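Enquirer: Here is what each chain is made of, one letter per residue.
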Amino acid sequence: MALEIIESCVNCFACQPVCPNDAIYEAKPHFLINEDKCTECVGEFADAQCASICPIEGAILDELGVALNPPGSLTGIPPERWAAAQLEIQARGGTPL
Amino acid sequence: MDLPIYQEEAAPKGGCSAGSCGSTDDQLGHLSDDIRKKVQDHPCYSEEAHHYFARMHVAVAPACNIQCHYCNRKYDCANESRPGVVSELMTPDQAVKKTLAVAATIPQMTVLGIAGPGDPLANPERTFETFRQLAEKAPDIKLCVSTNGLALPDHVEELSKHNIDHVTITINCLDPDVGAQIYPWIFWKNKRIYGREGAAILIEQQQKGLEMLTAKGILVKVNSVLIPGVNDQHLKEVSKVVKAKGAFLHNVMPLIAEAEHGTFYGVMGQRSPNPAELKDLQDACEGDMNMMRHCRQCRADAVGLLGEDRGSEFTLDKIEEMDIDYDKAMEFRAEVRKGIQAELDAKRAEAHGKVVSLEKDEPQGRPVLMAVAAKGPVINIHFGHAKEFLVYEASYKGAKFIGHRKAEAYCAGDETCGDGESILGKTIKALEGCETVLCSKIGYEPWGELEAAGIQPNGEHAMEPIEEAVMAVWNEMLAAGKLDQPAEAKKRA
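Chains as they are written, first to last, in numbering that gives the first Met the number 0: chain A, 0 to 96; chain B, 0 to 492.
Derived by calculation from the structure, the hints in this document are not laboratory data. Remember, it's a predicted structure, so these values are computed and weren't measured experimentally. There could be a bad hint or two in this list.
What the hints assert, rightly or not - Listed next, the in silico DSBU-like pairs over lysine-lysine satisfying Cα-Cα at most 35 Å (straight line): (1) A/K27 to B/K136; (2) B/K36 to B/K405; (3) A/K27 to B/K188; (4) A/K27 to B/K190.
With the hints as constraints, model all of the structure from the sequences given.
Expert: Printed below as a string of structure tokens:
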């Protein structure tokens, strides 16, 4: 039972100090979770601490590979609005994100 | 009557400003000598100082404990200048090395700030380690920090220990219902708290932190982001309240929102305020509060004078090669600062002797907005080379700086002007509401285009002090009878 940080992590350090198990460590190209130490905060906190402060949707997955912060859940931007905005940017010759 | 352009009475020592752009006329006038001394060489607190003294930010604080709808932590860009954007994250040791390198190279750099790219107080170890080392190694550099305020009450004690006497808090609202439209969540006591509930906690912490800081005599500037339709009217109340609690300067900045930035506001189509809306709000707050108007909304790793960024001269690999003898550098820095101070004192003495006289005693003529191409206190930039224009409001009361408008230099100086035409068009649009543009020189073509757009170019005051030139032009307009019609007759931007 362990959470996982994936490549969309922006290395902002926010999760590292809030982990009660000292399971998160700085690595290249992004932070990682030591799966032997991670308890998903069960029994310690109501919610996994790393996923509760992480600002990036989709960057932290549970043991089933499901994003704890799915698209739209943190920014409040509906995924379809995001997609439409990318098309608009492209249409006027810009570089979509 | 004598025009009180230089505000002698209001600012008996030091506060009187020959380049009084930036904040309210008596910005420094009502402050004690002690406080005035603290801000007179701080470019972000004293508008006069920003012409002469430089600042730098070190990006040691990546983590944040809240989300703001105008911020996106995912997409940083080296070519952009806006808060929250950085190129290179640093460790405290690297930041100290960079600061000493910049201080030795740019002796007029007087201020080191930590402003992100996250929230400095959400990274207390990294932030305070940087301050601790710098206080020891570079006692001639002022230290300051800016924060969203959530963790501020927990750190006021530590801030005062490190001799940090300037703190900026970003306060966008007092009302949790307004806050819920700005802050989607905060991280608080081991939980992510969404919406109104989170905003209410944030607001309470900000106000508590502000009170604790001012009780300790720490200078507090309040930054607010003006978001049309969200907090525009509310900010007047914010201004009143933070002043009552002892903040000494209020900096209302326009929202930056582009879809390309990937922020909530950018993607959702929230518009930014136009220059006239920003000015109206700043004017409305001004009766109660000292308003800062010279903010350039710089990056969290900016280096140099406000409005310029020399960060690329001090990348990690470049500072690695520099060998800094800081004791020696400090002597040189002291010399340079003494020179600047002497220059400022001389300017003030000269300014005190000068007033612009009018023939009539009562208010006359309408206020006129004028754009000025200048870097520093005199008109010294060619129209085509200007990357920004300073905007002054000239009236019978004198010349008052009210803000700046960004532009692209459309003339590269040689060969082709490429899409010069469309850039000129953009510049003319950026100058909307201004009736005159003063610059050191201007080409024949832009002259005609500006005139056609109702903006009178003027190159007759090259190398003259800005305010004197602005008032000379206003007086000419008055004498020519151009200012008889009421202000409403002229459409503003």
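Enquirer: Each hint: holds or not?
Expert: Consistency of the hints with the structure:
1. Note on A/K27 and B/K136: the hinted pairing holds, with a Cα-Cα distance of about 32 Å set against a maximum of 35 Å.
2. Taken as a hint, the B/K36 and B/K405 pair is honoured in the structure, with Cα atoms around 31 Å apart against an allowance of 35 Å.
3. As the CA atoms of A/K27 and B/K188 are separated by approximately 29 Å, the hinted pair is consistent with the 35 Å bound.
4. The suggested pairing of A/K27 with B/K190 holds, with an alpha-carbon distance near 28 Å, which does not exceed 35 Å.
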